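Asks: Here is what each chain is made of, one letter per residue.
2 protein chains.
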Amino acid sequence: MTEAKASLTPIVVFYPEGRCVEGRAGWTLLDAAQAAGVHLDSACGGQGTCGKCRVIIRLGEVDSRPSEHISGAEAEEGMVLACQSHVIGDVVAEVPAASQLGELQILIGGTETSAAAEVPLAQVAEVSLDPPSLDDPLADWERLARALGRALPDFETFSVDLDALRALPGAARAGQWRLRAAVADLAGSGQVFAIETARPGRPGYGVAVDIGTTTIAAHLVDLASGSAPNARACLNDQIAFGDDVISRIIAAAEPDGLRRLQQAVVRSVNSLVAQLADEQAIAPAEIVAIACAGNTTMTHLLLAVDPAAIRREPYVPAARAFPVLRAGEIGFDAHPAAPVYLAPCATSYVGGDTTAGVLATGMADVDELWLLVDLGTNGEIALGNRDWLTCCSCSAGPAFEGSGLRYGMHASLGAIERAEYLPDADRMLFSTIGGAKARGLCGSGLIDVLASLLEAGVVDRAGRIDLGFPSRRVRVREEQPEFVVVWGEEAGREDDIVLAEADIENLIRSKAAVYAGIAVLLESLGLRPPDLARLNVAGAFGNYLDVEHAVTIGLLPDIPLDKIRFVGNTSVAGARMALMSRAARARAQEIASRMTNFELSAVPAFMGQYVAGLFLPHTDLARFPSVAARVPSRSR
Amino acid sequence: MTEAKASLTPIVVFYPEGRCVEGRAGWTLLDAAQAAGVHLDSACGGQGTCGKCRVIIRLGEVDSRPSEHISGAEAEEGMVLACQSHVIGDVVAEVPAASQLGELQILIGGTETSAAAEVPLAQVAEVSLDPPSLDDPLADWERLARALGRALPDFETFSVDLDALRALPGAARAGQWRLRAAVADLAGSGQVFAIETARPGRPGYGVAVDIGTTTIAAHLVDLASGSAPNARACLNDQIAFGDDVISRIIAAAEPDGLRRLQQAVVRSVNSLVAQLADEQAIAPAEIVAIACAGNTTMTHLLLAVDPAAIRREPYVPAARAFPVLRAGEIGFDAHPAAPVYLAPCATSYVGGDTTAGVLATGMADVDELWLLVDLGTNGEIALGNRDWLTCCSCSAGPAFEGSGLRYGMHASLGAIERAEYLPDADRMLFSTIGGAKARGLCGSGLIDVLASLLEAGVVDRAGRIDLGFPSRRVRVREEQPEFVVVWGEEAGREDDIVLAEADIENLIRSKAAVYAGIAVLLESLGLRPPDLARLNVAGAFGNYLDVEHAVTIGLLPDIPLDKIRFVGNTSVAGARMALMSRAARARAQEIASRMTNFELSAVPAFMGQYVAGLFLPHTDLARFPSVAARVPSRSR
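Line order of the protein sequences matches chains U and R.
When we follow this note's numbering, the leftmost residue of the first sequence carries the number 29, and every step to the right adds one.
When we follow this note's numbering, the leftmost residue of the second sequence carries the number 29, and every step to the right adds one.
Don't read these hints as lab results, they were simulated from the structure.
Only a predicted model underlies this, so the values are computations on that prediction, with no experimental measurement involved.
Treat the hints with care, as some may be off.
Coverage of chain U stretches by chain R, computed from C-beta distances (three or more under 8 angstroms per stretch; other residues unrestricted) [as the list claims (entries may be wrong)]:
#1 154-162
#2 324-333
Examples of chain R residues toward chain U, derived with CB under 7 angstroms [said to hold, decoys possible]:
#3 S161
#4 D168
#5 A179
#6 F183
#7 E184
#8 S187
#9 V188
#10 L190
#11 L193
#12 R194
#13 V344
#14 A347
#15 R348
#16 L353
#17 G359
Negatives, chain U to chain R, calculated, CB over 12 angstroms [claimed, not checked]:
#18 I85
#19 H114
#20 S217
Yeah, the Cβ is synthetic: ideal placement off N, Cα and C, and Gly gets one too.
Could you put together the complete structure from these sequences and hints?
Replies: Below, the structure written as structure tokens:
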């Protein structure tokens with residue numbers, strides 16, 4: 029990215045989801061769609077042969093190769109194959125429903141998921157019953173179960189909640205035997221938990237939630253199609269009780285602490301659910317299923333189950349696998365009987381969010397060696413393939429979630445999510461989430477800024493700001509060196525958005541912990557970074573993370589960039605799969621069970637690796653040959 | 029029974045249960061035990077060969093045959109075989125635990141019940157867990173599930189209620205990993221719903237309830253042994269809303285009616301539960317399982333499910349099979365998460381009480397033709413064997429429960445349950461439940477008195493009292509002929525206990541409805557009473573019903589008396605089996621499903637049969653040859 033390019037950086041907007049992304053040189057629309065989190069059907073992998081990734085250009089132009097899959101009339105309408113169309117300027121592309129792939133299918137991958145097993149956690153069925161007669165005097169419930177058996181053949185048996193049974197006789201007769209039933213998938217049996225008169229055209233919604241220590245993200249999901257019309261994120265209200273899981277566990281031990289912590293996280297989730305429901309104009313009772321993925325402590329606190337033993341040797345949680353609960357038991361604003369699924373945890377410090385991530389990335393199904401790095405308040409690392417899985421946790425701290433940094437923020441509206449410093453012009457190019465005025469820096473923006481400043485020589489390898497650097501952005505305030513990322517007037521605010529030396533120290537400690545974790549885990553198994561076929565980086569970074577910059581600062585090992593993928597929030601993606609698929613729920617249980625724990629703190633080498641990582645990118649530059657070539661020699 | 033004999037009638041008391049019965053000529057202790065509802069192990073059926081029915085004579089004497097199964101030392105202690113010991117006078121026999129048979133086993137009979145399938149609806153397990161360590165860092169819940177898997181091998185998987193999970197970490201550590209868990213059998217999975225620190229020696233209790241329209245009976249059951257330390261009965265508080273199911277359904281349609289009816293029956297059950305718990309000195313929370321059997325309307329009202337459609341063509345209930353609920357959902361005073369089982373119903377008018385009766389009598393397992401007559405407020409009749417089952421319902425009214433009769437009462441303390449009128453001495457011999465002062469007549473007493481008066485000629489075949497009969501017991505009060513059963517001074521009360529002509533009419537209408545039901549059901553299938561291998565009479569008659577007298581008044585067909593058995597309250601017996609056995613619960617479901625309904629009201633012959641039955645024993649004496657011989661010729 030140079031200034032010239034940057035000024036021309038095209039924006040690609042995908043309708044109807046409204047997702048935006050800045051185009052990159054050489055990108056096709058398919059690349060842009062992937063970066064934007066828009067899942068186009070592309071069975072051939074972008075070869076132009078399957079003809080499935082059809083989009084309609086509504087505004088702007090693309091450099092498009094003709095295709096036998098697009099008729100003349102279609103081309104006239106603006107239809108192109110996304111994989112055969114290069115981005116050359118701002119463009120608005122409409123994605124027809126037929127070209128959209130449920131995220132689910134992309135993410136599940138593999139061969140084990142059959143359509144028959146795609147039983148959502150709950151679903152809404154509209155059924156028409158034969159009215160009873162003297163010849164067919166079946167009881168109302170058995171009559172409904174008979175009709176449901178035809179409509180939902182994935183269930184062998186059905187049972188019914190008392191409240192639903194109470195509603196049945198009246199609803200059946202008021203609705204002339206046309207009924208709407210909400211059915212949960214409980215242990216393979218269909219548990220009918222809501223019955224009312226038919227109301228066709230309302231699909232029933234679910235919510236997939238990533239319950240992070242710092243940030244909570246939620247997707248509203250149409251349970252009939254699996255599509256997610258909208259998504260939201262917010263801070264976890266538990267932050268008032270401490271930044272990390274240990275301080276939360278300590279707070280939970282205070283009088284009434286457990287209850288207050290539970291109420292805080294439920295309040296946060298409910299605020300997201302309220303926004304999502306509001307945007308979609310649905311009532312909370314139309315939310316009939318909730319799937320949550322969180323780390324082990326977050327999951328305990330959500331249930332108000334005492335997590336105290338998690339932080340005391342031998343570090344055992346109260347549970348790793350959780351029963352399917354009901355929304356009312358937890359206090360979620362949804363149908364009170366809606367089933368609540370909780371992703372199973374592997375260990376006290378590798379939780380349901382990691383299980384969900386392994387599920388969502390498909391690494392439990394591949395033959396090659398894959399690594400997943402999930403950057404939340406804790407960094408969790410999973411390594412393995414279809415044959416084996418191991419995992420570890422490193423206390424990265426919430427720096428990459430923007431927490432603990434003066435202008436850090438989570439990936440929401442106005443967060444700088446991409447940035448590049450142009451030293452010659454003394455300009456900072458940046459883009460914010462939603463294109464709003466800059467409010468602060470989220471994780472991906474922080475990594476971009478730090479990498480830029482390192483490459484520009486503003487920051488040295490020890491993380492110190494060079495006060496002699498010829499830029500008025502470099503200054504000292506309150507006895508601390510800092511760098512102005514965005515001037516106040518530019519952001520329409522009184523104060524400047526800065527990155528201070530203390531913030532950089534914070535980021536370095538975090539990235540050192542993650543890198544040390546990766547290095548020690550690999551070394552303990554006799555492996556090296558080049559052995560990795562894929563390194564997936566996950567985290568609540570919004571839609572974007574520049575993996576090259578992540579390597580530049582030494583967060584990730586220096587392996588070929590085409591092996592590194594930013595895969596977004598895999599915790600919520602996995603929760604969404606669990607929400608939509610019985611097979612995914614079974615898979616998650618299996619993943620959690622077979623993931624063996626690797627205890628970093630038990631390995632003496634870890635502390636050495638951590639300390640060696642407190643440089644940019646690392647004390648040992650030989651480990652980062654590609655970075656060595658980019659970092660100014662004066663700071664080597 | 030004559031006066032001379034009567035004055036010598038021996039009393040047999042069984043310890044420790046304290047059950048009393050009046051001995052009959054020729055009875056062995058085993059016969060007496062059966063009549064008293066004391067279930068002695070008698071594998072050989074009373075042949076003296078199995079040596080299992082050992083009892084110890086504490087007071088009095090029996091005429092006992094020596095047995096190779098009783099050693100000299102044992103004989104010295106007073107040990108005898110009950111089947112080889114004839115009652116010759118008052119006797120108190122102690123029943124050692126080893127000789128007691130759970131009622132369950134007697135009643136299940138057949139070959140299909142294996143020990144492995146005897147999984148109670150809920151049970152309490154005390155388990156000792158290996159404390160966690162770094163080498164065995166299993167989560168608390170998985171650790172408990174592992175221990176439960178060893179202790180309760182009948183469950184393949186376990187799940188846990190949220191409240192129980194919340195209690196787990198604290199209880200495990202407070203109790204040094206010795207825990208007490210209450211486990212419900214839900215769909216084959218062990219649902220842990222209560223966890224606390226170990227408390228050995230408390231077995232966990234269940235309650236089996238027969239929810240009758242008029243009377244409610246409950247047994248407290250030790251879930252570890254299946255034994256029932258105590259039992260109680262009371263009136264159903266719903267009586268305030270009407271005597272029969274139709275008036276209850278109408279009352280339920282009133283504003284707030286359903287809720288009030290539900291509260292009434294729950295109040296009644298809770299009063300029994302409180303008595304039972306009090307007698308056994310246990311807390312309500314120690315009651316961890318409840319099994320109920322009631323007719324279809326009673327079951328709906330218990331759940332506050334609208335029964336309105338039951339009384340409107342095509343007469344369909346809201347449900348015939350019910351999910352296992354929790355005590356707290358219904359309002360039972362027990363552990364709030366205790367599972368509540370409801371016996372499945374066959375039709376709108378043949379309910380869970382009949383299903384329980386078929387289960388308890390074992391008629392679904394026999395090759396021969398068996399008939400079950402369950403006399404409650406409605407009379408239900410089931411006919412069949414292992415190959416087929418059919419059933420019908422006849423509105424007998426609550427006369428045999430003592431309801432609607434001036435001195436009628438349900439089978440509780442002070443109810444006259446046996447009686448015989450001696451015309452020559454103008455004396456009434458009688459015995460009351462519990463030996464208390466007479467308070468009124470329960471069903472068996474009413475049948476005895478009516479049969480006696482018919483045989484003595486006090487009452488003629490039309491049910492009229494012969495005012496010319498030479499007894500001062502025959503009199504007219506308030507313009508109505510009546511017969512004094514017990515003089516006030518004899519009963520220690522101001523008023524005399526009488527049977528009035530209106531009471532007799534009431535009894536005749538009830539018995540006519542039952543007899544007509546039996547006759548029409550048999551005739552419709554081309555069968556006659558002699559085709560029956562067994563006629564079981566069930567009902568809330570306490571411990572006794574003189575089946576010969578039941579034939580005398582024309583309630584039951586005139587077949588050889590050895591084919592007729594009084595089998596007690598089979599509804600509560602079946603509920604108790606369901607409480608104790610997974611196989612019994614599965615059987616009950618199968619029985620309810622395969623019992624075909626026979627609609628008496630659709631058969632024109634029914635009304636004719638009913639009218640013909642409005643005589644004692646019947647218009648057509650040829651149907652009752654044995655009775656014809658006993659009834660005085662002047663009233664023929």
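Asks: With a cut-off of 7 angstroms, does the beta carbon of A179/R approach a beta carbon of chain U closely enough for the hint to hold?
Replies: 19 angstroms, violated
Asks: Quick one, is the R194/R hint okay against chain U at 7 angstroms, beta carbons?
Replies: Since chain U brings a Cβ to about 5 angstroms from R194/R, closer than 7 angstroms, the hint holds.
Asks: Please check whether the beta-carbon of S217/U is more than 12 angstroms away from every beta-carbon in chain R.
Replies: At about 7 angstroms from chain R, S217/U fails to clear the 12 angstroms cut-off, so the statement is violated.
Asks: Does the closest beta carbon of chain U sit nearer than 7 angstroms to the beta carbon of V188/R?
Replies: 6 angstroms, holds
Asks: Quick check on L353/R please, does its C-beta sit within 7 angstroms of some C-beta on chain U?
Replies: Holds: closest Cβ of chain U sits about 6 angstroms from L353/R, inside 7 angstroms.
Asks: Given E184/R was flagged as interface, is its beta-carbon under 7 angstroms from a beta-carbon of chain U?
Replies: Status violated, d = 11 angstroms.
Asks: Taking the least C-beta to C-beta distance, is L190/R closer than 7 angstroms to chain U?
Replies: Hint on L190/R: holds, closest Cβ of chain U at ~5 angstroms, below 7 angstroms.
Asks: Using Cβ atoms only, decide whether D168/R comes closer than 7 angstroms to chain U, and label the hint accordingly.
Replies: 5 angstroms, holds
Asks: Per the CB criterion, is L193/R less than 7 angstroms away from chain U?
Replies: 6 angstroms, holds
Asks: Using Cβ atoms only, decide whether A347/R comes closer than 7 angstroms to chain U, and label the hint accordingly.
Replies: Cβ of A347/R sits 4 angstroms from chain U, so the hint holds.
Asks: Are there at least three residues in the segment 324-333 of chain U whose beta carbon sits under 8 angstroms from a beta carbon of chain R?
Replies: n = 3 at 8 angstroms, threshold three: holds.
Asks: At a threshold of 7 angstroms, is the proposed contact between V344/R and chain U supported by beta-carbon distances?
Replies: 4 angstroms, holds
Of the numbered hints listed earlier, those contradicted by the structure are 5, 6, 7, 17, 20.
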